[in-house]
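S.K.: Sequence:
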Amino acid sequence: EVSYMEIYNEKVRDLLDPKGSRQTLKVREHNVLGPYVDGLSKLAVTSYKDIESLMSEGNKSRTVAATNMNEESSRSHAVFKITLTHTLYDVKSGTSGEKVGKLSLVDLAGSERATRATKTGAAGDRLKEGSNINKSLTAL
Numbered sequence: 008e009v010s011y012m013e014i015y016n017e018k019v020r021d022l023l024d025p026k027g028s029r030q031t032l033k034v035r036e037h038n039v040l041g042p043y044v045d046g047l048s049k050l051a052v053t054s055y056k057d058i059e060s061l062m063s064e065g066n067k068s069r070t071v072a073a074t075n076m077n078e079e080s081s082r083s084h085a086v087f088k089i090t091l092t093h094t095l096y097d098v099k100s101g102t103s104g105e106k107v108g109k110l111s112l113v114d115l116a117g118s119e120r121a122t123r124a125t126k127t128g129a130a131g132d133r134l135k136e137g138s139n140i141n142k143s144l145t146a147l
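Take 8 as the starting number for the sequence shown in my numbering and just add one per residue.
Don't read these hints as lab results, they were simulated from the structure.
Errors might be hidden in some of the hints.
Claimed, not checked - Quick list of in silico lysine to any residue cross-link-like pairs, SDA-like style, CA-CA up to 25 Å:
#: 1; residue 1: K67; residue 2: D114
#: 2; residue 1: K56; residue 2: N38
#: 3; residue 1: K67; residue 2: T31
#: 4; residue 1: K18; residue 2: Y43
#: 5; residue 1: K49; residue 2: K106
#: 6; residue 1: K56; residue 2: K109
#: 7; residue 1: K18; residue 2: R29
#: 8; residue 1: K106; residue 2: Y55
#: 9; residue 1: K33; residue 2: S103
Build the full structure now, drawing on both the sequences and the hints.
M.R.: Listed below in structure tokens is the structure:
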């Protein structure tokens with residue numbers, strides 16, 4: 008299964024939300040499993056093609072803006088998580104178990120330092136985003 012989220016201006020959004028609601032999700036803490044994003048979509052996949060398609064779909068929902076450095080600068084951090092589950096079955100004992108592997112692909116947003124704002128064209132909203140981009144790293 009896969010999930011895809013972005014963190015933009017301190018807010019977490021589901022990039023694969025089937026409803027396209029763009030609502031802000033909450034990061035919560037499970038006492039055994041650790042931090043998780045409440046309400047984040049987890050979609051079943053069976054092939055690399057499925058994964059590639061969902062990643063591409065999610066990328067279209069990413070928050071981007073133009074700066075002097077890039078025509079389409081990513082303004083958010085994104086985490087694409089792939090969870091592989093392998094079920095093992097022992098015929099002799101009749102028992103089964105699972106092995107789970109998780110891979111998180113993280114794309115960090117481009118940011119502009121306030122001291123370089125004139126070179127990058129960061130002003131107003133872009134400069135504020137740059138500040139929040141750096142703050143959002145703690146959420147990851």
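S.K.: All the hints need checking, so say for each whether the structure fits it.
M.R.: Each hint tested on the structure:
Restraint check: the Cα-Cα separation between K67 and D114 comes to about 14 Å, which is no more than 25 Å; the hinted pair holds. Of the supplied pair hints, the one linking K56 and N38 is violated, its CA atoms being roughly 35 Å apart against a limit of 25 Å. Distance restraint check for K67 and T31: the Cα-Cα separation of roughly 18 Å lies within the 25 Å cut-off, and the hinted pair is therefore satisfied. Proximity of K18 to Y43 is assessed by CA-CA distance (about 14 Å); at most 25 Å being required, the pair is judged to hold.
The straight-line distance between the Cα atoms of K49 and K106 is roughly 18 Å, inside the 25 Å bound, and the hint therefore holds. Our distance criterion of 25 Å between C-alpha atoms is met by K56 and K109, whose separation comes to about 18 Å. Of the pairs offered as hints, the one joining K18 and R29 holds, with about 10 Å between alpha carbons and a cut-off of 25 Å not exceeded. Restraint check for K106 and Y55: satisfied, since their Cα atoms lie roughly 20 Å apart, inside the 25 Å limit.
Between K33 and S103 the alpha-carbon distance is near 34 Å, which puts this suggested pair outside the 25 Å criterion.
Violated hints for the displayed structure, listed by number in ascending order: 2, 9.
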